[in-house]
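Student: Here is how the chains run, residue by residue.
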Amino acid sequence: MSDDKFDAIIVGGGIAGTVAAYLLAKEGLGVLLIERGNYAGSKNMTGGRIYSHSLEKIMPNFAQEAPIERKITREKISLMTDESNVTLDYYSDLLGVQGSDSYSVLRGVFDQWLQEKAEEAGAEIIAGIRIDDLIVRDGKVCGVIAGEDELEADITILADGVNSLLAQKLGYRGELKPDQVAVGAKEVIELPSSVIEDRFNCRGNEGTAWLFAGTPSAGRVGSGFIYTNKESISLGVVSTLSDLVQGNKSVPQMLEDFKNHPAIEPLVKGGKLIEYSGHLVPEGGLAMVPKIIGDGVLVVGDAAGFCLNLGYAVRGMDFAVGSAECAAKAVLAAKEARNFSEGFLQCYQSFLNESFVMKDLTHYQKFPHFLEETPRIFDGYPRMAADMMAELFVMNGQPAQPLMKNMMKHIKKVGMLNLAKDAWKGVRSL
Amino acid sequence: MSTVNVDQKLGLNKFYVDEENAHSVLKSGDIDMKEFQKLMLVCPAGLYKLDEKGNIHFDYAGCLECGTCRVLCGKTILEKWEFPVGTLGVEFRWG
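For the record, the sequence lines run as chains A and B.
Final position of the first sequence in the working numbering is 1824; the numbers increase by one with none missing.
Final position of the second sequence in the working numbering is 345; the numbers increase by one with none missing.
Be aware that a few hints might be false.
Claimed, not checked - Partner residues are not named here, just some residues of chain B that face chain A (Cβ under 8 Å, in silico):
| no. | residue |
| --- | --- |
| 1 | Lys259 |
| 2 | Asn263 |
| 3 | Val267 |
| 4 | Asn271 |
| 5 | Ala272 |
| 6 | Ala295 |
| 7 | Gly296 |
| 8 | Gly304 |
| 9 | Ile306 |
| 10 | Glu315 |
| 11 | Gly317 |
| 12 | Gly324 |
| 13 | Thr337 |
Hint data in this document are derived by calculation from the structure and do not stem from the laboratory.
As the structure is a prediction and not an experimental result, all values here were calculated from the model.
Ideal Cβ positions, reconstructed from N, Cα and C, are used throughout, including at glycine.
Generate coordinates for the entire structure from the input sequences, incorporating the hints supplied.
Tutor: Listed below in structure tokens is the structure:
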């Protein structure tokens, strides 16, 4: 590295950015990470939970040291209507096995720890600087521009998040489309850990991840979620923009109503709201991945659209880590070959293709479309489940009816054919 | 169901408001109300408001910087939407 030029400049202190900085600095490269907030994580938000597999590979046993919240050993999925909630509750030791475990996290805390790891590895980190533009000469990205200042590097890595205005400036992608992104709103509600353990049936440091379809997103494409942290609950809603604007309930009202739902209210009762956050989630899957490689530049994490929402599981942070690892490998190879051209950097794409990042995005490429095309998941099915449960459990002295007849009545409301069609399409898109 | 008071919730957040420079600005003059109503629905911070007299209000101070309004109305009723300059804007302590 010459005095005035870095090997790599990374824009954005999220998971992709800090992990890329860590990996490159560890190999002795001169790395500068620039974050617009006052610390890595200060602009970041998750539901949320990180699946550990990809970070575990890079930092073995990270969960013992990192400020994770709880190890998720209980998965719940609910179909919710205004007056009811039908839940599938899965507890398993398998969820906690190292390498396939997952953790609730709070990004303002977690990303700062990753920043420290990158710093310890030798990366230089500047917080509180917004990168306004990129230095581009003859189509080659040569560094970054912040106000009057310019900083140069052999490679610039854009880890500037879902809104990546820098990727837009390069013309790598247009404006985000309303059907490609969902907006999430979340409350962090403080409660004593013993209360959380009692209310959510958690042992010690274990915790629950819980997703809800139905009324949390007012029957629109979206979901409600709860993640248990050490001494707080993350409770929120998320909904796809294109569908959200067809409805008539505002996002903040959705969140408020979800929190006050009779099945939820006792869980957060007495808790103290300590933060209210909002963020966009890239949910378009493979179809929204923009151009991610250029002369002297790579795009990683949310900025590259690397995220999957499967309804029962939401993954973004493990993709951020995975793509950062692929980018770091590509940069190391480019450094070795002294070739940072778009052609050489295609190895980033190859590494992604070989990794779970592209394999999973490709595997599930039809799924985002399926969710969008199947509004019954968010509306008809929660109602059907609620009505069927009511037939089973509500005793009101009316003479009993044959079970089959009773159940079919509710299935017929949705329609047998629709049910079969949705099941078929859903399974095929998975 | 009770009506949500988002301002009260935002009051618990840490904000460093850029008093000199608004990072997000509505167009002046006649605003397409259909577009404005979209933002009343989607903005998680509830920053796009309509009062009893039918006047529209928008205050960037409580912005969570999610970019939702840019995606939906960046080309219609927003004059600009960019990130606040370094150090300013919302600061998530928990996130």
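Student: Going back to the hint list, which numbers does this structure go against?
Tutor: 3, 4, 5, 8 and 9
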